[in-house]
Amino acid sequence: MASNSKPQSDNRILKVMIMPQISYSLGFLIFTITLLASLTGCNGSNESATAFHVRGQVQFEGNPLPAGRIYFTPDASLGNQGPQGTATIEDGMYDTEDSRFGIVGGPYIVRIDGYDGVQPSDDEDGLFPDGQVIFRDYEVKLEFPQADHVADLDVPASASKRK
Numbered sequence: 003m004a005s006n007s008k009p010q011s012d013n014r015i016l017k018v019m020i021m022p023q024i025s026y027s028l029g030f031l032i033f034t035i036t037l038l039a040s041l042t043g044c045n046g047s048n049e050s051a052t053a054f055h056v057r058g059q060v061q062f063e064g065n066p067l068p069a070g071r072i073y074f075t076p077d078a079s080l081g082n083q084g085p086q087g088t089a090t091i092e093d094g095m096y097d098t099e100d101s102r103f104g105i106v107g108g109p110y111i112v113r114i115d116g117y118d119g120v121q122p123s124d125d126e127d128g129l130f131p132d133g134q135v136i137f138r139d140y141e142v143k144l145e146f147p148q149a150d151h152v153a154d155l156d157v158p159a160s161a162s163k164r165k
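Residue numbers for the sequence shown follow the working numbering, beginning at 3 and rising by one.
Be a bit skeptical, because a hint or two may be false.
[As the list claims (entries may be wrong)] Pairwise CB distance ranges (calculated):
{"hint": "1", "residue 1": "Arg102", "residue 2": "Glu126", "range": "28 to 36 Å"}
{"hint": "2", "residue 1": "Arg102", "residue 2": "Gln148", "range": "24 to 32 Å"}
{"hint": "3", "residue 1": "Pro122", "residue 2": "Glu145", "range": "35 to 43 Å"}
Please keep in mind that the hints were generated in silico from the structure rather than gathered at the bench. The C-beta atom is built at its ideal place from N, Cα and C for all residues, glycine as well.
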C-alpha cells in the first residue's frame, strides 16, 4: 500500500528557517521607526522654534488683578502654528519665563482667567488657592514680535459678567 502523503519534515524546516528571519526584520523595522520618530519628532508643531518671553501687568477695573492665569494661544486662523504660552498672574504681574512656556511671535489669542486671590477659609484641601472667580475666558487678539515683549493688559468690568 503506497502512501500519497508528503513528508511533513520539509514543511517544518521551511517554517523554522523563515520565522526567525521575519521576526528579526519586524524587530528592525520597529526599531528604525522608533528611532526616526524620536529624532524628527512626531507632533509636527513648532515646539523646537525659539520661544520668546512675554511679561507685563494685568489690571481689572483699574486695579492689579490679584491672581489668575494667562494663556497665549497661536491664532491658527491667521496662520500661526506656534506653541501655546502660559503664565500665572500674581498681584497683577505675569511672566512666561516663570512657566517656561513662551511664544514664537505672530498673531495670538490671549485668554485670561481672574481670581480674587483670597483662599476660602473652608478650603482645607487647598482646591481653590487663587480664591473665587472674578471672570473667566476674557479674550483679546494681539500680534507679538519675534522678540521678548512687555504686554500690559486692561480687563474691562464687563468681563466679570461672563463667569
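Each hint tested on the structure:
1. Arg102 - Glu126: 28 to 36 Å: holds (31 Å)
2. Arg102 - Gln148: 24 to 32 Å: violated (18 Å)
3. Pro122 - Glu145: 35 to 43 Å: At 39 Å between Cβs, range holds.
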